[in-house]
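Residues per chain are reported as follows:
Protein chains: 2
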Amino acid sequence: MTALHPDVRPTDALALDASAQDLLFREARTANAFTADPVTDEQLQAIYDLVRFGPTAMNSQPMRLVAVRTPQARERLLRHMSEGNRPKTATAPLTLIVAADTGFHEHLPTVFPHAAGARDAMEANPGRAAMARFNTALQLGYLIVGIRAAGLAAGPMTGFDAEGVRAEFLEGTGHEPVAVVNVGRPGPDAWFPRNPRLDFDQVVTEV
Amino acid sequence: MTALHPDVRPTDALALDASAQDLLFREARTANAFTADPVTDEQLQAIYDLVRFGPTAMNSQPMRLVAVRTPQARERLLRHMSEGNRPKTATAPLTLIVAADTGFHEHLPTVFPHAAGARDAMEANPGRAAMARFNTALQLGYLIVGIRAAGLAAGPMTGFDAEGVRAEFLEGTGHEPVAVVNVGRPGPDAWFPRNPRLDFDQVVTEV
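One line per chain: the protein sequences are A and B, in this order.
FYI, the numbering for the first sequence is 1 to 207, going by UniProt numbering.
FYI, the numbering for the second sequence is 1 to 207, going by UniProt numbering.
If you are wondering where the hints come from, they were derived from the structure by calculation, not from laboratory data.
In this text the structure is predicted, and so the values were computed from the model without any measurement.
Any given hint might turn out to be false.
Label pairs and their calculated CB-CB ranges [what the hints assert, rightly or not]: (1) A:Gly117 with B:Pro87: 18 to 28 Å; (2) B:Thr91 with A:Arg86: 49 to 59 Å; (3) B:Glu123 with A:Ser82: 12 to 22 Å; (4) B:Pro113 with A:Ala121: 39 to 49 Å.
We put the CB at the ideal spot given by N, CA and C, even for glycine.
Here chain A stands alone, though its shape is the one from the complex (with noise of 0.2 Å):
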C-alpha cells in the first residue's frame, strides 16, 4: 500500500509502531469491493477475542454480531440494504450485522459482580435501550480496528432498513440492528478516494 496521505506521518509521540498505526488507521481504508477469499471461523474468533477487551459501561458489553456468509442468508440480508449497498454486499465474505442488546442487563450480576442490583435497577431504567445503542456503536469502533489488525478490510454501512433486518433476522430477540459491516480482502477498485478529515482545531478545543 501507498501512504494516501503523505503530509501525515507517524510520529515519535505514539508509543504503537509506524507500521501497526498504518494498519489500523492511516492506509486502512472502508472497502467497497471484495475478492473470494473465505473470512474463516478462526480469523473471526481471533478478531472477537481481540476487541471484547475493550471497555464498555458498567462492562455491559451490548453488542451482538449475526454472521452472514452462506449465499441463502445473503439473500435474505441482500434485500434490506438501500440499493447503493446491495453490490458490496453481494461479493464480501462475510458480512455482520451488528445489533445492540436491549437486554444486556441480564448478564450484568456476571459481568459486573461486584454491583449488586444493578441488573434491577438498569431492568427500570428507561435510558436503557439507549445505553444499549450508546456502548454497541462504541463496539463497533473496536471491533472496525479489530477487522483491520486481522489484515482484513471493513466495510461498515447504515444505509439499510432497520426493521427489515429485525424482522428477518432478530425477532424475538430483542435485539436491534445498528450497522451491517462487510468484512474482507479487498478486490479491485475498492476504495473510493479519501474524503477530508477535520482539522485538530476544528474538534479540539482547550478550556
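Keeping the supplied structure of chain A fixed, place chain B upon it in accordance with the hints.
Same frame as chain A, now just chain B:
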C-alpha cells in the same frame, strides 16, 4: 505488565503483532489513578491525527473534544462528575469531555463533497442528533484505542451530570456531552480486577 488473561493468547490469525495487541486491548486497562506526568500538546495532537482516519457514516465526524488540564477548568468539571468519579478525575493530568456535535451537517459540503444536498437533507432529518451521538460513540472507540496507542491509559466515564457539563462548557455550541475520559499514566493501584467478558458463543451467531 503481566498478562491478565493468560488463557487468551495472541494468535497467528491476526496480522497485528502481539505487542500491539497487548498495548491496545489485551493488557490495556481502564485506569482509576494517574501519575502527575503531563499529557503534552504533541501527544494529544498525535492521538487525534491517528484516530481521525477512523470511518464514520457520511464521513460525518461529529466527535468534539474539550481538553481540561488547568486546575481552574478541572474544578469547573469536578462539580458535575458523579461522586465516585471525582477523585480519579481530580488526579488525571488531562481529561477530555467528549461531545456529539448535532450541527455536524454544516461540515458535510467539505467532508462529503460528492453528495450535493447532503447538508440540507441532514438539516431537516429528525434523526440527526441520534446520528451524531451514534457516530460520536463510534469515534470514542477509536479515541480510546488511540490513547492507548500513545502509551497512555484511558479512563472513560459516563457517570456525570450531562446537562451540567453542557451548560458549563458547551452552551450555545449545539454539542452534547456523551462521555468524559481521563488520560494519563497509570498511578498506584490504578486497576480494579478485570471483569469477565462475554464468550464468543454468547455474542456471535451464524445464520
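Hints, verified against the model:
1. A:Gly117 with B:Pro87: 18 to 28 Å: 23 Å, holds
2. B:Thr91 with A:Arg86: 49 to 59 Å: Given range 49 to 59 Å: holds, Cβ gap about 52 Å.
3. B:Glu123 with A:Ser82: 12 to 22 Å: Given about 21 Å between the Cβ atoms, the range holds.
4. B:Pro113 with A:Ala121: 39 to 49 Å: 46 Å, holds
Comparing the model with each earlier hint shows no violations; every hint is respected.
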